[in-house]
Structure formats: structure tokens, C-alpha cells
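Protein chains in written order, with my numbering: chain A, 1 to 205; chain B, 1 to 399; chain C, 1 to 85.
Keep in mind that the hints were calculated from the coordinates and are not lab data.
A couple of the hints might just be wrong.
Stated by the list, open to error - Distance condition first, Cα-Cα at most 30 Å in a straight line; then the derived DSSO-like pairs of lysine-lysine:
1) A:Lys78 <-> A:Lys89
2) B:Lys198 <-> C:Lys66
3) C:Lys66 <-> B:Lys216
4) A:Lys5 <-> B:Lys54
5) A:Lys162 <-> B:Lys191
6) A:Lys106 <-> B:Lys128
7) B:Lys128 <-> A:Lys180
8) B:Lys128 <-> A:Lys191
9) A:Lys5 <-> B:Lys83
10) A:Lys39 <-> C:Lys63
11) C:Lys53 <-> B:Lys191
12) B:Lys198 <-> A:Lys162
13) B:Lys83 <-> B:Lys2
Stated by the list, open to error - To be clear about the criterion: a stretch of chain B counts as covered by chain A if any three or more of its residues have a C-beta under 8 Å from a C-beta of chain A, and this derived list gives those stretches:
14) 78-91
15) 170-181
16) 251-259
17) 378-390
Unchecked claim - Here are the computed distance ranges between Cβ atoms for each label pair:
18) B:Phe121 <-> A:Tyr49: 50 to 58 Å
19) A:Tyr49 <-> C:Asp25: 14 to 22 Å
20) B:Thr35 <-> A:Asp30: 51 to 59 Å
21) A:Lys40 <-> C:Ala77: 34 to 42 Å
22) C:Asp30 <-> B:Asp205: 29 to 37 Å
23) A:Asn22 <-> B:Asp205: 50 to 58 Å
24) A:Asn108 <-> B:Glu263: 21 to 29 Å
25) C:Arg83 <-> B:Glu273: 46 to 54 Å
26) A:Glu149 <-> C:Arg83: 53 to 61 Å
27) B:Glu263 <-> C:Gln6: 47 to 55 Å
28) C:Lys11 <-> B:Asn95: 44 to 52 Å
29) C:Lys27 <-> B:Gln277: 44 to 52 Å
From the three backbone atoms N, C-alpha and C, an ideal C-beta is built for every residue, glycine too.
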Amino acid sequence: MLENKTYIETFCTIQNNEITLNGETIFKSDSDLFADFSKKAYQNFDINYPKFFKMDNLSKLAFLAAELLLKNEIDESKENDIALVFANKSSSLDTDVKYQNSISDKENYFPSPAVFVYTLPNICIGEISIKHQLKSENSFFIFDAFNSEFMTNYAEVLLHTKKAEKVLCGWVEYYNEEYKAFLYLVANEGKTEHNKQIIENLYNK
Amino acid sequence: MKGVAITGMGIISAIGNSVEENYASLLNNKTAITTIENISTVHSDLRKVGEIKKTNQELADELQLSADNNFSRTAMIGAIAAKQAVQDAGITSINEYKTGLISATSVGGMDMTERYYYDYFEKPETIKYISCHDGGDVAQKIADELGLKGMVTTISTACSSAANAIMLGARLIKSGKLDRVIVGGTDALAKFTINGFKTLMILSDGYNMPFDNDRKGLNLGEAAAFLVLESDEMVAKENKKVLARVSGYGNANDAFHQTASSENGDGAFLAMEKAFQVSGLKPEEIDYINVHGTATPNNDLSEGRAIVRVFGEKNIPDFSSTKPFTGHTLAAAAAIEAVYSVLAIQNNVVFPNMNFKTPMEEFNMIPQTTLKQKNIEHVLSNSFGFGGNCSTVIFSKSE
Amino acid sequence: MEALKQELKAKIIEVLNLEDINVADVKDDDALFGDGLGLDSIDALELIVMLDKDYGIKLVDPKEGKNIFQSIETMAAYITANRTK
């Protein structure tokens, strides 16, 4: 069977206080903390979504990148068939640690439900799905490092078997102020070819 | 459509340490929701759980691990279940064909992290457990125990994780990327999850009562289960016995709330609909639904409404939740219930939904409350996770 | 009572991360859930933790929160009647 080629429509990277979209820097700040950086980015792009401030860091990171890729992509008047395939290394460790601290002190034992909610990595996918009303297939994987082969295969299978019209793939890693998001939208049409090598190059940029 | 062959399975749960023991408990109404013994927690008297009554040392001995091992409890029970599955499938030389492992977990090595959290600085001998915290470590350890060198990956989509592992495995077989794949999930009990679910106020203070009007929440449980999926070429070549087939699967996002399910179960509805599309089956062909049925007020109402939408209120097949037996085993739940679905097909039996007394006022849905013998061709199994991740798998008899 | 209401407003804004809302914006009888401040079920659970932590009031059934958390007014009245610290 001759399989159709797939393409990368757009891609977005967030790391070191900088956001790049399709390779070009679109936002930079000199923040010391991610909380500050993410707030400035939110304000800069006029994202009017107060729930953003209730999210954990991993969700904020994924949400921001998805927002920039999807804001011109989503047509609210119809069903948007975009699958989400995400992965990272540390799962929800950053929030797990915060939560663990809240239950480990017997004298001051008040675990927070709002923190516990985010002790799963796929909650960030949920946040994106809620914002953009995506009811399509979604999954979250854990790898030692960015696995371009796995991601490429998965996105292709979804497109070839018509399980989705587009696939939003993402690596979203956050632990202790160290972070990197690399999200890209894969479709049946486009200019940049979707293959393992190109994904790898874009990730490492 | 024929579906992907299941050729082996293994399980360890609160109601048994093997497939046979689990089946015997299901037949004899032997539920296992008890006071927790292996973890010291202030909640032990207040919140009952589905616990595997083996200490970490007993599990380590069973696996013949060396004294300096750094296996988390999650990895140990996972390795035990995966080994059973591989043995059941009659696999002796695991790297002979393209073989993969897709393992689901949500807590990973949390049990060891919380046990030694305060000791890391004072007791250097505990430091080895830091590296076993990652979810990915569990899958790698299981692969090492199996001697597997092929593709290994970890899925973490909360309580639907193992269903997604089965779905991905079936796809990899269908697309020819793998010849066989071991799929399933494992999660051990941890203070982390007991406390967390308590803060969400969805833990029952007694025994979970799925689809009962007076249900008060879930009991957590721990378990691991794995299935071996193989391509038809492998089945023919090795003359394998097929236990049942994975004939359909679907996943959708509820896009409603971080933890709560939507009022009408949109995600659940879409997941079931997609599973029917893949299988080519119609709702009336389903003989038994193993519902997610966690017994939280929110889940059972949302799932029930979705089932009514798919099947019609008058045409709902026999259904039950097996969580009163095992507790809710989180990322492992869908693998546990996959084993039970295959057992239902093999033995032509519907397992009872224990602890049910009063029908819910919102709709006319009465679960099967006693063991029922009847021919079973197709079983639909639901699993829904936080983050809105909803999955359905359909299992069918192999002809 | 007046001081408690002001205190609650400030706490809710802080604990629930309500960005761009000031104490002055919240009226005593504004609905906290739904159309008012737009709080959701997780926020309600967080408020239950707050009652326990700051006022020594333990709720066992999340449904109890429904009446208590209607507005700042109802919350302050409940806390005044039931607080143990």
C-alpha cells in the first residue's frame, strides 16, 4: 500500500523565557520564574481565559503552546477533529512534589484538591481539549527523551486510518523551573514534510 | 472484522494472584475490600481498599529479586502479571519476533518515594529508589524481567491508561509494526492517591456501590494485569490458542472538566461510538457491558446517560461493575477488566455487580446483581480517566 | 462580621487564584458559583479545605457546601455560627 505523505503545518517551541512560532521568535521576557513568564505571555497574546491561572505549570506550558498553534486553526462552528498525542519525561513530577509536601507534614496536614487534580500528566491535554472543545482521540506517553520515531509513527497511523483530520503532537516537559514545550500540528497537506529527521531537527533548534 | 488475537493473560489483584484465582473469586462473590495493611496511614480505619495481601518482601521473593533491587511495588506486581501473561501465551523466546511492551501506570514508583522521602539524606541505602520513581521505570523493569529488548513504552492517561495500551497494541499489530505485544497496566496503592481521592471527596466510607442511588464513592485498589496480543500470522505459524479477540476500540476527550465527567457523558458516548465503528458491530450485538462504574455520584450518572444514549434505555444489555471486588485500580483498571471480559467470553458468564440495592432515580438501569450464565459473543468495556480521557474496548469470541 | 467578609473575599481571591479580580469587585451577595465568580467543583473542595484549615470546621459531605458557599454573606454567617478557631 502506498501511504500518503503527511506534513507539519505549524510548530511552536517554548523554552528559556522565549516562544518561537514556526522558527521565529514571537515573545521573550526576562522573567526569573515561569509563573511570571507565563503570565506575561498570557497578557501579551491577549488570551482571555481566567482558568489559566488555576492550572499547574505543566498545563500552563502546554496550554500556551497549543493556544498559539490552534487559535487560527479552530473553527468554533464545527467539530474540530484534531487528535492530541503528547509525551514527556517527568510526567507530572513538578506538581506531584508540591502535593507530596502538603500530605507529608502531620502537624499541618491540609492536602489541596486543586493541586491533586494536576498530579497526572494528561490533565494538560484535558485543559487544551476543554478550551478548544476537542473531543478527539488523546493520549500521553512517558519516554526517557523525545522519541521522534514513536511520535511520527503514531501521528501517521492516526491520519492514515482517518482517526483524525489533524494531530497535535507535543513534548511538554516541566520540572522545577526547567521546561521545554515543542508542539507541532501534523496534517495531510502542508509545505514541510513530516518525518522523523525533520521533527528531530525542529525539536533541537 | 476479525480483531486482534489475545493469546495470553496474567493478573494479580486483591481477589487473586492468578487468572484462575480471580475467576474463582468472581464466581463465588468473594470481594476483597478491606482495611489496608501494607501502608501505614492515618486513614487506614476510615477508608477501605482493595489490597494485594503480600508484603513487598514477599513480592520480591516471588520474583527472586536480589537484595539490592530498587523495584517499586508497582513494578513488582506488574512484572508478576506480565510474566504470567507471557507464560500463558506459551512464549519461550521473547525476542524471536518483533515484540513490544506497552505498560500503563499513574502512580509509578510513588509508593517507594513516599516511604523513603525523609530518609534519602540520612540513609544512603534508600537513594536507589529515587530512580524508580518515574513512570517509565516501571515499564523498563518489566521489560527487563521478561528479557524483552523490543519497543517499550509507558502510557499515562489516568484511569483509562490500560485501555489505551490495549488500543495502541492492537493498532501496532494491525499495522504490522509488531508481531506481538504485551499490553496492560499496573498501579500499587499509595498514600498519595488515597489522600488525593479523599480531598476530592469521592472515596466511600464503606463499600463502593456502583449504579446505586445511594452510592457514596469509590474504594481504591491495587492490581496489575497484562494481555498478549498477536498477529494472525503468528497465531497460524505457532498454532496458538486464541482466548478472545480485541475487535473494537475508541478514545475521545470529554472536553468538560479536569476531573468530573460531563452531564451527558459526551466523551464516553463518543468512545463507545468509535469502538462500534472499528468493530463493525451494532449495539444490539453486545452481550455484556463491563462498565467503568466507579460508584462516584458523578461517574455512574454520566456513564449511565452515555450508555442510554448508545443503547436506548430499553435495550441495555446485562451490565456490571467489577470494582466492588477489586476496588478502583486506576491505570490498571482497564487491563483487570479486560481479563474479566475475556473470562466472561470464555466461560459464558456475566459477573455480578455487588453491593447494589436501590436503582438510580435518573434512569431505569439495573445492573446484573447475580452470576448469570448465557452465551457471550461480545463484551464492551468502558474506562474513563481524569483529564477527560474516555476509552472503550470491545472483546469478541474467536471463531 | 464585616471584617470576616473582607477577610473571606481576600482569601478566596488568593486561594483560588482569581486573576484580575479585586476585593472591591466582590459584593457580599454575589453568587460564588455559576454566573457570579464562576467557581467550579474543585474550587468548592478547596473552600472546604479552607473552612477546616482556617476556621476549624470539618464538612464530610461535599453537598453541604452548596448552601454554605452561595455567597460571601452565607459563608460568613455559617463560619460565625460554627467556627472553632
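Tested hints:
1. A:Lys78 <-> A:Lys89: Roughly 34 Å between the alpha carbons, so the hint for Lys78 (chain A) and Lys89 (chain A) is violated.
2. B:Lys198 <-> C:Lys66: It holds: about 19 Å lies between the C-alpha atoms, which stays within 30 Å.
3. C:Lys66 <-> B:Lys216: holds, 17 Å
4. A:Lys5 <-> B:Lys54: violated, 52 Å
5. A:Lys162 <-> B:Lys191: Since the Cα atoms of Lys162 (chain A) and Lys191 (chain B) sit roughly 42 Å apart, the hinted pair is violated (cutoff 30 Å).
6. A:Lys106 <-> B:Lys128: holds, 26 Å
7. B:Lys128 <-> A:Lys180: Holds - the C-alpha atoms of Lys180 (chain A) and Lys128 (chain B) are around 27 Å apart, at most 30 Å.
8. B:Lys128 <-> A:Lys191: Between Lys128 (chain B) and Lys191 (chain A) the Cα gap is close to 48 Å, so the pair fails against 30 Å, i.e. violated.
9. A:Lys5 <-> B:Lys83: Judged against 30 Å, a Cα distance of about 39 Å means the pair is violated.
10. A:Lys39 <-> C:Lys63: The given pair, whose Cα atoms are some 34 Å apart, is violated under the 30 Å limit.
11. C:Lys53 <-> B:Lys191: holds, 20 Å
12. B:Lys198 <-> A:Lys162: Roughly 41 Å separates the two Cα atoms, so the pair is violated.
13. B:Lys83 <-> B:Lys2: The hint holds at about 27 Å.
14. 78-91: Our answer is that it is violated, as 0 residues pass the Cβ test (under 8 Å) against chain A, missing three.
15. 170-181: holds (count 3)
16. 251-259: holds (count 9)
17. 378-390: holds (count 5)
18. B:Phe121 <-> A:Tyr49: 50 to 58 Å: violated, 41 Å
19. A:Tyr49 <-> C:Asp25: 14 to 22 Å: Since Tyr49 (chain A) and Asp25 (chain C) have Cβ atoms about 18 Å apart, the given range 14 to 22 Å holds.
20. B:Thr35 <-> A:Asp30: 51 to 59 Å: holds, 55 Å
21. A:Lys40 <-> C:Ala77: 34 to 42 Å: holds, 40 Å
22. C:Asp30 <-> B:Asp205: 29 to 37 Å: holds, 34 Å
23. A:Asn22 <-> B:Asp205: 50 to 58 Å: Since the Cβ atoms of Asn22 (chain A) and Asp205 (chain B) sit about 54 Å apart, the hinted range of 50 to 58 Å holds.
24. A:Asn108 <-> B:Glu263: 21 to 29 Å: Since the Cβ atoms of Asn108 (chain A) and Glu263 (chain B) sit about 37 Å apart, the hinted range of 21 to 29 Å is violated.
25. C:Arg83 <-> B:Glu273: 46 to 54 Å: With a Cβ separation near 51 Å, Arg83 (chain C) and Glu273 (chain B) satisfy 46 to 54 Å, so the hint holds.
26. A:Glu149 <-> C:Arg83: 53 to 61 Å: holds, 59 Å
27. B:Glu263 <-> C:Gln6: 47 to 55 Å: At roughly 36 Å between Cβ atoms, Gln6 (chain C) and Glu263 (chain B) fall outside 47 to 55 Å, so the hint is violated.
28. C:Lys11 <-> B:Asn95: 44 to 52 Å: violated, 59 Å
29. C:Lys27 <-> B:Gln277: 44 to 52 Å: holds, 51 Å
Of the numbered hints stated above, those contradicted by the structure are hints 1, 4, 5, 8, 9, 10, 12, 14, 18, 24, 27 and 28, listed in ascending order.
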